[in-house]
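Chain residues, written in single-letter form:
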Amino acid sequence: MLPAIFLLLACQLLGEVLHQLTGLALPGSVIGMVVLLGWLALVRRERPVLTAVSAWLTAHLSVMFVPSAVGLMQEGDALARYGVGLALATAVSTVLTIVVTALVFRWALARFTPDEVGKRPVPSEAGA
Amino acid sequence: MSALSGMLATPLVWLAVTLGVFEACDQLSRKSGRHPLAHPVLWATPILIVVLWVSGTPYPVYKDNTFALSFLLGPAVVGLAVPIWAQRERIARLALPILLSLTAGAVTSIASAVGILALFGPPREILASIAPRATTTPVAMAIASQLGGIPALAACIVLFAGIVGAMGATPLLNLLKLDDYRPRGFALGVSAHGFGAARAFQVDATAGAFASLGMALNAVMTAALLSLVAALL
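Residue numbers (this note's numbering), protein chains in the order written: chain V, 135 to 262; chain G, 44 to 276.
It should be emphasised that the hints constitute simulated quantities derived from the structure, not laboratory data. Think of the CB as a built atom: it goes at the ideal place given N, C-alpha and C, for glycine as much as any other residue. Keep in mind that a hint or two might mislead.
Stated by the list, open to error - To give a feel for the contact side, a few chain V residues facing chain G, derived at Cβ under 10 Å:
#1 P161
#2 S163
#3 A212
#4 V234
Based on the sequences and whatever the hints tell you, model everything.
Laid out in structure tokens, this is it:
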């Protein structure tokens, strides 16, 4: 288990260092994700423990961001003033993004990968 | 009394309280069949805020003493590389549809969220908090703080986006007469992160796999786009 944890921390550390050096607004942890992706491509082998550790972390993401979400208690003024705008902008943006992503995917699938079209049709009774 | 109030500023107390409250909310969420409105964070957060108010604990004290939990967000984000890597063959096969719809979705998400909110005239830090609204919460918080936004506000916005996406996607996608689980799932993951992926998995395994992929890829895409924008501004 330790090698897997070390690998995650080492990638994050490298990500943070690259973040500091480049001055990019890309968060260190996201750079670390890309670094790990590169490592997985470079050193190819089965990694059941890394898979289990990262799956465990992903499964418990919710509780990890609770302490930050509680910080909302300091943002009462912002919520009172811009709450309506925030809710409206978030809801419209979420709906619009689903529509655009789905339609572009369908269009590109038909345009560039015609072999793939209709490979997995939805049964008509499914309420997805 | 002073011994007791001293204890109120230890990691032991606040980690135990946070996990306890979260676990109780999680039980209720499980009982509801994981309904988006029963998401444990949605209930644990206000309950903990009340606990802090009642006990007279300032937020910075709570934040310091729950650092162990927040710290895990970093390695968790790094670990998102593992499911992306596991799906490399699927990504290669559908490279163009994935890349094009991901880019279109990320741009739409950022532009529409910031554009609409800007009509209300908020300061820059509020705009920076909504820009990463489609990404998974830890990434959104990291991006928001990079852009000078408020991580807690970003977390709250992301939660709300997840609820809207998870509850609205099915009627919306049926309206589009989209009968392929790949774009359906992918769109849900790109726009509504983990909430969307959880909803997609309830419907179909393929939709779920594509939703997870959309979530992970959009974390990178949105972060890259916004750091580019930040560098240009």
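Output the numbers, in ascending order, of every earlier hint that fails for this structure. The structure breaks none of the hints.
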